[in-house]
Structure formats: C-alpha cells, structure tokens
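*Asks:* The primary structure of each chain is shown beneath.
There are 2 protein chains.
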Amino acid sequence: MLTLYDFLESGNGYKVRLVLHQLGRPFRLVLKNILRGETRAPDFLAKNPNGRIPLLELPDGRCLAESDAILFYFAEGTEYLPEDRYERAQVLQWMFFEQYSHEPNIATVRFWVHFMKPEQIDERQLAKKRELGYAALGVMEKHLTTRSFVVGERYSIADVALYAYTHVAHEGGFDLASYPKVRSWLARVVEQPRHVPIMKSDYGT
Amino acid sequence: MLTLYDFLESGNGYKVRLVLHQLGRPFRLVLKNILRGETRAPDFLAKNPNGRIPLLELPDGRCLAESDAILFYFAEGTEYLPEDRYERAQVLQWMFFEQYSHEPNIATVRFWVHFMKPEQIDERQLAKKRELGYAALGVMEKHLTTRSFVVGERYSIADVALYAYTHVAHEGGFDLASYPKVRSWLARVVEQPRHVPIMKSDYGT
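Here the protein sequences come in this chain order: A and B.
Quick note on numbering: the first sequence equals residues 0 to 204 in numbering that gives the first Met the number 0.
Quick note on numbering: the second sequence equals residues 0 to 204 in numbering that gives the first Met the number 0.
Isolated chain A (complex conformation):
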C-alpha cells in the first residue's frame, strides 16, 4: 500500500490525492499538522530531510518528495502525461512555472491570510506577493486564450499542478474576475472523470 503524508488544506498535497484518485490507486493517508511543526519532527525528517508534505512512501519504504515529482512518477505511461517528448517537457515547464512563479505567491498569500494572525503578516511582502501572484495568473490567462488545457489540448498533470492553488486563490483574496479564460479552464478541470475536491479525508483509503 502507498502511504501519503499530507496536510488536508495543502494544495500541493491535494495534487497528489487528486491524481491517485483519478488513476484508481489506493493509498493510506497519514496527516501531519504543519501548523504544529509535525513535519520538522525527527521521525518525519528521517523520511524527508526537507521537512515538507506531501511525502510519498512506497510499499518498500522508499520515499519521494516534491508534489510535482510525485505527479510525474505516477503519470508516466498514463493518459495524464503526453507521450511526445516536447509536450512532456512542456508539462515540466508549467510545473516548474507553478512551483517558482505561482505557488510561492498565490499559495503563500492564501496561507498567510488563512493561518496567520494579522499582526504576523508583513504587509509589504503581502503586497509584493499579491502583485506577483496576479502576474502569474496573467501568464496563465494569456496562455489559455488559445488553448483548452495547459499542454497538448489534453488534461495532464500540468493542469493538476496549476489547478491546485488557482482554484482556491480567492481564499487568499485573489479576484479572478479579470481572468475569464482561467475561470473556464478551472471549470473544464472539474469536469474531468473522477475529479475530487480539496480537503476531503474520506477517500483514498
């Protein structure tokens, strides 16, 4: 049995839950409360020295970290990763875009707004990250103007990676009103077979 160490509100964890569900791969979910430092405890650091969820543990005990690397691991050889070499590289391009230009801004702002006390928030950093988050949404809007999905006109793990935090961006105060192509793409992702929402603990085990 696969084990996924996760935090339910995490978009990064949700990506993995969604793809495992769509692939019909059962897994055991072990929750780690990142707000209480449970991913910095010695037992967890022994599995992932970088101290982050999601973390995948294979039945033989080997571990794999980084949400988008885990997606790639499961998607290889399936309909969720293109067979064409250039398209496969494009999927990675958008996953690296997500982790570098999108998640550190959109997900971080959501985390701050959700989990931190107002006096803990650096307003200047928040404004900077909000600006960069909107810039990332702008790149997506432009890209999706001529496309139904992120790569190759087919739903892939690039869509999963970008969907995870885009669809909850409003929880960080992002307004998608000016991003109609992004909004219609979000609706297409939800329509995919075996789609499951974020923050549910009653599936996958």
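If you are wondering where the hints come from, they were derived from the structure by calculation, not from laboratory data.
Please note that a few of the clues may not be correct.
Intra- or inter-copy, both count: the list cannot distinguish identical chains.
[Unchecked claim] No more than 27 Å apart at the CA atoms, straight line, and that leaves these computed lysine-lysine pairs for BS3-like:
#1 Lys141 x Lys127
#2 Lys128 x Lys46
#3 Lys127 x Lys180
#4 Lys128 x Lys141
#5 Lys141 x Lys46
#6 Lys141 x Lys180
#7 Lys46 x Lys180
#8 Lys180 x Lys128
#9 Lys46 x Lys127
#10 Lys116 x Lys128
#11 Lys127 x Lys116
Start from chain A and add chain B according to the hints.
*Replies:* The following block gives chain B in isolation, referenced to the frame of chain A:
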C-alpha cells in the same frame, strides 16, 4: 540550430549551457540583458510570456522555458537521466527542491549582493533568505553524506541543477566551510567530462 536566449551570469542559463556542451549539441547564444529589461520587451514576451531566461528555441521555432524542464528535455535517453522510473522521479524531486528551496534563496541573495545597490536591499528579507539558503545547503550536506552524487550514484541533471548556484553561493556571501560533503561533491561535478565553467561566451556556437 538550437537557439538559447540567456544572460551569462545566470546560473539557470549556465545549467543549460553546461548540459548542451556535455551532450555535444551546438547552439546559438543570444544574450538578453535582464538588468535592462530585455526579457520584458514585446519580442521576447512573444516567445516566453513569463519573461525569463533561459529560453530555448528549437530549429522549427517552438520554444521551451524553465531551466530544469530544458535539462530534462535534452537528458531523456542519455546518460544524464536515469532509466529507472523511481530514480528519474528522484531527479525531478531534487530539481523541484532546487527551484523551490534553493534557488529563490541562494541565487536571489547572490543577485541582490551582485547587482543591487545597498540601499535597494531589504535587510530583513536578505537575512531571511540567507537563513533559508543555509537550510537548503544543510539538506544537501545531509543527503551527500552517504552519496557521491545526488541520485543513483551517478552524475545526472540533478547534479547540474544544484551545482549551478551552489558553486557560486560564496558570491552571495554564503560560507561553505561547514558543508564539507557539499564541497567535495562540487569538486566531483567539476571533474566530469566536458565540464565548462559559468560565464563564458566563447563556446557552444
């Protein structure tokens, strides 16, 4: 002929130059001065809406962005990417670690120290990024304590990705004295066949 849009001092650009050189793939280098906003000009944004180098342009005009996605594109089917599925996912794990936990701290501090005036630097952000940069180096030190290379005991694009900014970390004021395993790994990377240093414009064309 391949075209690489690049900025010579960029470690992200250097990764691609290094791998293309090691693979014996000739390419045309087109320099874009990021300090003068040349990657935000309309002609460049038409090729990469995210406005960043390195950007690869294939002979047929198709483009690929994100340094680590470009590395993966060229490394598939070569000695620089493992054939084993789990090891391939581990390579991606370390490349995502590099782009999320390493580059935004170590490379950004180097950039600030190198290219910004002291009065432009937010000292609190600098201190925070320096702390996170050392944390990333700590994760590498621990990992390399029992390994010669990052994945599978063989030089791969995971080493290239992490080498790029680790070997110039001192230019951002990082002291590697307490990271002996990282330092001996840096030396092993340099010993690889057809290694080339950063910031050279006289090769590859």
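*Asks:* Look at each hint and say if it fits the structure.
*Replies:* Cross-check of the supplied hints:
| no. | hint | in the structure |
| --- | --- | --- |
| 1 | Lys141 x Lys127 | within (21 Å within a copy, 33 Å between copies) |
| 2 | Lys128 x Lys46 | between (31 Å within a copy, 25 Å between copies) |
| 3 | Lys127 x Lys180 | within (24 Å within a copy, 36 Å between copies) |
| 4 | Lys128 x Lys141 | within (20 Å within a copy, 31 Å between copies) |
| 5 | Lys141 x Lys46 | between (40 Å within a copy, 12 Å between copies) |
| 6 | Lys141 x Lys180 | within (8 Å within a copy, 44 Å between copies) |
| 7 | Lys46 x Lys180 | between (40 Å within a copy, 20 Å between copies) |
| 8 | Lys180 x Lys128 | within (22 Å within a copy, 35 Å between copies) |
| 9 | Lys46 x Lys127 | between (34 Å within a copy, 26 Å between copies) |
| 10 | Lys116 x Lys128 | both (17 Å within a copy, 22 Å between copies) |
| 11 | Lys127 x Lys116 | both (19 Å within a copy, 19 Å between copies) |
Violated hints are absent here; each numbered hint is respected by the structure.
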